[in-house]
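Enquirer: The chain contents come next:
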Amino acid sequence: MNVDRRTEAPAVLLAAALAMAVLLGADGASVLSARSASATGAEPGVALQAAPGAVAASVHVFPVRENVYVLIGAGGNITAEVHAAGVLLVDSGTAAASSQVLTALRTITDKPVTTIINTHVHPDHSGGNEAIAKRGRTIGGAGAGAGIAAEQRAPVFAHENVMVRMSSGPDATEPGMWPTETFFNDVKVLTKVFYGDSIQIIHVPAAHTDGDSVVFFRQADVVSAGDVYVTTGYPHVDRARGGDIQGVIAGLNLLLDLAIPNLRSEGGTMIVPGHGRLSDYADVAYYRDMVTIIRDRIQAMIDRGMTLEQVQAAKPTFDYDRRYGSTAGPWTTEMFVEAGYRSLTPTPPPASSGR
Amino acid sequence: MSGSGPLIVLLSFVAALLIPGVTSAQRVDVTGEYAQLFHEDQPERGPGPEVGDYLGLPINEHARQRALAWDASLLTLPEWQCRSHGADYIVRGPQSVRIWKEIAPVTRDLISWNAEWSRASETYREIFMDGRPHPPEWAPHTWRGFSTGRWEGNMLVITTTHLKESYVRRNGIPRSDWATLAEYVMRRGDVLTWVTIINDPVYLTEPMIRTTEYRLATNLNPPPFPCDAVIEIPRPKGAVPHVLPGTADPTVDFAAKYGLPVEAARGGAETMYPEYRERIRRWSASRSGDAAPRSADGGADERR
Numbered sequence: 003m004n005v006d007r008r009t010e011a012p013a014v015l016l017a018a019a020l021a022m023a024v025l026l027g028a029d030g031a032s033v034l035s036a037r038s039a040s041a042t043g044a045e046p047g048v049a050l051q052a053a054p055g056a057v058a059a060s061v062h063v064f065p066v067r068e069n070v071y072v073l074i075g076a077g078g079n080i081t082a083e084v085h086a087a088g089v090l091l092v093d094s095g096t097a098a099a100s101s102q103v104l105t106a107l108r109t110i111t112d113k114p115v116t117t118i119i120n121t122h123v124h125p126d127h128s129g130g131n132e133a134i135a136k137r138g139r140t141i142g143g144a145g146a147g148a149g150i151a152a153e154q155r156a157p158v159f160a161h162e163n164v165m166v167r168m169s170s171g172p173d174a175t176e177p178g179m180w181p182t183e184t185f186f187n188d189v190k191v192l193t194k195v196f197y198g199d200s201i202q203i204i205h206v207p208a209a210h211t212d213g214d215s216v217v218f219f220r221q222a223d224v225v226s227a228g229d230v231y232v233t234t235g236y237p238h239v240d241r242a243r244g245g246d247i248q249g250v251i252a253g254l255n256l257l258l259d260l261a262i263p264n265l266r267s268e269g270g271t272m273i274v275p276g277h278g279r280l281s282d283y284a285d286v287a288y289y290r291d292m293v294t295i296i297r298d299r300i301q302a303m304i305d306r307g308m309t310l311e312q313v314q315a316a317k318p319t320f321d322y323d324r325r326y327g328s329t330a331g332p333w334t335t336e337m338f339v340e341a342g343y344r345s346l347t348p349t350p351p352p353a354s355s356g357r
Numbered sequence: 326m327s328g329s330g331p332l333i334v335l336l337s338f339v340a341a342l343l344i345p346g347v348t349s350a351q352r353v354d355v356t357g358e359y360a361q362l363f364h365e366d367q368p369e370r371g372p373g374p375e376v377g378d379y380l381g382l383p384i385n386e387h388a389r390q391r392a393l394a395w396d397a398s399l400l401t402l403p404e405w406q407c408r409s410h411g412a413d414y415i416v417r418g419p420q421s422v423r424i425w426k427e428i429a430p431v432t433r434d435l436i437s438w439n440a441e442w443s444r445a446s447e448t449y450r451e452i453f454m455d456g457r458p459h460p461p462e463w464a465p466h467t468w469r470g471f472s473t474g475r476w477e478g479n480m481l482v483i484t485t486t487h488l489k490e491s492y493v494r495r496n497g498i499p500r501s502d503w504a505t506l507a508e509y510v511m512r513r514g515d516v517l518t519w520v521t522i523i524n525d526p527v528y529l530t531e532p533m534i535r536t537t538e539y540r541l542a543t544n545l546n547p548p549p550f551p552c553d554a555v556i557e558i559p560r561p562k563g564a565v566p567h568v569l570p571g572t573a574d575p576t577v578d579f580a581a582k583y584g585l586p587v588e589a590a591r592g593g594a595e596t597m598y599p600e601y602r603e604r605i606r607r608w609s610a611s612r613s614g615d616a617a618p619r620s621a622d623g624g625a626d627e628r629r
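From first to last, the protein sequence lines are chains C and Z. Just so we're aligned: 200 in our numbering is position 198 of the first sequence, and the numbers increase by one with no gaps anywhere. Just so we're aligned: 445 in our numbering is position 120 of the second sequence, and the numbers increase by one with no gaps anywhere.
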C-alpha cells in the first residue's frame with residue numbers, strides 16, 4: 003500500500019486497511035510513518051549531528067567549537083577562530099587556494115582576517131600568507147590599543163626558523179609571504195583582547211621541520227597541531243628542513259599534555275591535525291603509540307647493526323602500513339623508515355685534520 | 326440489516342486508527358533493559374581472552390603482526406586506562422544494555438533509538454532514524470561511531486561509520502578507524518538478538534560476524550563507569566609497552582596449551598568455518614605417535 007493508492011481507494015476500504023494495519027502490529031503503520039519521518043527530518047536541538055558545513059568551491063568549513071572552525075581542502079588544514087574584531091587563522095593553505103579560503107571564510111563571518119599563525123614553512127600551510135594577509139587588517143597598529151590600524155594587512159606569526167627558511171635558501175619566497183612577527187623562545191603568547199582567545203604558540207623543536215609550532219586556543223580548548231600530527235599517513239619527517247622522528251614523538255606527547263579528554267578518554271580538547279580529520283586526545287594517543295613503537299623497532303635494528311636497507315627490508319611498519327603507508331606519492335613508507343633511521347643514527351663526527 | 330451497518334464498521338476502523346502508541350517508523354519496540362546471555366564465549370567476554378588466541382578471527386597478516394607486538398601492559402598507560410569499548414565490541418561485551426527512544430516533542434516522530442552499556446563510549450549510542458546523512462569524512466571519530474537505522478521487516482538495521490580504532494579481541498587484535506559496522510537487531514518476545522558485522526579494510530580479510538543474545542530484565546541498570554587515569558607504573562615519558570618482533574610468540578604457547586596447531590592459534594578466515602575442525606582432527610590424528618608438532622595440513626610445523 004502506498005499513499006497514492008490510498009487516495010484512490012474508497013473510504014471504507016481505506017479505513018479497513020489502515021485499521022487492520024494498526025490491529026496487526028506496526029508493519030502497516032510504518033509505511034506512512036516512515037514517509038512522515040523522512041519528510042520532517044530531525045528536530046533542531048534534540049540530537050547531535052555533525053553539520054555538513056558550508057562549502058566554498060573545494061574548501062569545506064567544518065565547525066569545531068562555537069567560534070572555531072576547520073577549513074579542509076586548501077592544502078593543509080586551516081583553523082579559524084572568529085572573534086569580535088576579526089578572524090585568527092592558523093595556517094593559510096596553498097597560494098592557489100587563497101581566494102577559496104577567503105570565500106569559505108565569508109560563509110561564517112564578514113569580519114576581516116586579523117591574525118595568521120604559521121605552524122611551519124611548507125607552502126601547503128603558508129602559501130596563502132600574502133594573499134590572505136593583504137585582505138586582512140592589523141589590530142593596534144602604531145599605538146597600542148589604537149584599534150584597527152590604517153595598515154590593510156594582517157600580521158603573520160611564526161617561529162623564527164620559518165622566517166629564516168622563507169627569506170633565504172631553497173625555500174626562499176617573496177617578502178610578502180614572510181612572517182611579520184617571529185619568536186625564538188619556547189612559547190609565544192597572544193592576548194585575548196586583541197586575538198580573541200588566550201593563545202599559546204608553542205615551538206616544537208626539530209619535529210616535522212625545525213620551525214614547527216602547535217597553537218593552543220586556551221578558551222576554546224582547541225589545539226592546532228600543524229604537521230606534527232596528521233591522520234592521513236605516517237608523519238612526514240622532513241630531514242632536509244631539520245625534522246627528526248624524536249621531535250615528532252615529543253610533539254605528540256606535548257599534544258597529549260595539552261589535551262584534557264572528557265569521560266572515557268575521548269572528546270574534550272579538540273585537536274586539528276595538519277592533514278586529515280578532526281581529532282581528540284585518544285586519536286593522538288593511538289598515533290603516538292604507533293610512531294613510538296616503530297621508532298623503537300628501528301632503534302632495536304640499529305642497535306643490532308642493521309643497515310638502512312636491511313631495516314627497510316625488515317618492514318618495521320608492516321602492521322600499520324595498510325592504514326598509514328604509501329608506496330607512491332611525495333611521502334612513501336620507505337621514506338618514512340629512512341627518515342626514522344637517519345634520525346636515530348648518530349651523525350659521524352667531521353673528519354679530523356690528521357693531527 | 327439496517328443501512329447504518331457499513332457506517333458503524335467504518336467508524337470502528339477509524340476509531341482503531343486513533344489507538345495511541347504506534348510511533349513513526351517503528352515496527353517493533355526494542356525499549357528496555359536487557360541482560361547479556363553468556364551461553365557463548367563467556368571466558369573471553371568476562372575474564373578476557375587468552376594472550377595468543379586469534380582462533381576464529383578473519384584477520385590478515387598485518388593484524389597478526391600487530392597482535393604479536395601487543396603487550397598487555399599497554400593498558401596501564403594513563404591514555405588507555407579509561408577508554409571505552411568500541412561500538413562493535415561492546416555488544417559482545419559483558420555488560421547489560423538499556424535501550425530507549427528519542428521522540429521529537431512536537432511531531433512525535435522517532436528521532437533515534439539510544440543504547441547505553443557500562444564502559445561504552447563517552448555518551449550513549451544514538452541510532453538516528455530520521456534520515457539524516459552521515460557526517461563528512463573529516464568529522465571526528467568516536468568509539469560509538471555515527472549510526473543510522475532503518476527497518477527491514479521487524480529487524481532494525483544499523484549502519485555505523487566514524488568509529489575510533491578499537492579491537493576485535495581484547496588481546497591485541499586491532500580493528501581500524503576505517504572500519505564500518507552493520508548491525509541487525511531482532512526482538513522475539515523477551516529475547517533480543519544483536520548481530521554485528523564488522524568490515525575492516527585494514528585488518529580483516531572477510532566481514533567479522535558475531536551474534537549476541539540478551540534477555541529482557543527490567544530490574545537492571547547499567548552502572549556508571551567513572552574513571553580517572555593514574556600513574557600505575559612509573560615509566561620514562563612517552564614510553565609505550567610493546568613486544569619487539571621476533572622476541573616472543575604467544576600463539577605457540579596458546580597452541581601448546583590446548584593441543585592445537587600453531588597456525589590455528591594464529592587465526593585467519595579459514596579458522597572461523599566449521600570445516601576447519603576437520604583439519605584440526607587430521608592434524609591431531611597425524612600427531613598421535615608423532616612427538617613432533619605438525620601443521621594443520623599434516624606437514625611439519627616449522628614454527629615450533
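What the hints contain is simulated information worked out from the structure, not anything from laboratory work. Misleading hints may appear alongside valid ones.
Unchecked claim - Heads up, incomplete: computed chain Z residues facing chain C, CB under 7 Å, no partners named:
no., residue
1, R408
2, T486
3, E490
4, Y492
5, N496
6, S501
7, V527
8, T530
9, V568
10, A581
11, Y583
Glycine is no exception: its CB is placed at the ideal position from the N, C-alpha and C atoms.
Enquirer: All the hints need checking, so say for each whether the structure fits it.
Expert: Each hint, compared with the structure:
Taking 7 Å as the C-beta contact cut-off toward chain C, the hint placing Z/R408 at the interface holds, the least distance being around 5 Å. Annotation: interface hint on Z/T486 violated; nearest CB of chain C at approximately 11 Å, more than 7 Å. This hint holds: Z/E490 has a C-beta 5 Å from the nearest C-beta of chain C, less than the 7 Å allowed. Interface restraint check for Z/Y492: the shortest CB-CB distance to chain C comes to about 12 Å, outside 7 Å, so the restraint is violated.
Using the Cβ-Cβ criterion of 7 Å, the hint placing Z/N496 at the interface with chain C is not satisfied: the shortest such distance is roughly 15 Å. Taking 7 Å as the C-beta cut-off, the interface hint given for Z/S501 holds, the closest approach to chain C being about 5 Å. Below 7 Å, beta-carbon pairs count as interface contacts, and Z/V527 has one with chain C at about 5 Å; its hint therefore holds. Taking 7 Å as the C-beta contact cut-off toward chain C, the hint placing Z/T530 at the interface is violated, the least distance being around 11 Å.
A cut of 7 Å between beta carbons decides the hint on Z/V568: the least distance to chain C is about 10 Å, and the hint is violated. Interface hint at Z/A581: violated, since its Cβ lies 24 Å from the closest Cβ of chain C, which is beyond the 7 Å cut-off. With a least beta-carbon distance of about 25 Å to chain C, the hint placing Z/Y583 at the interface is violated under the 7 Å criterion.
The structure is inconsistent with the numbered hints 2, 4, 5, 8, 9, 10 and 11, although it conforms to all the rest.
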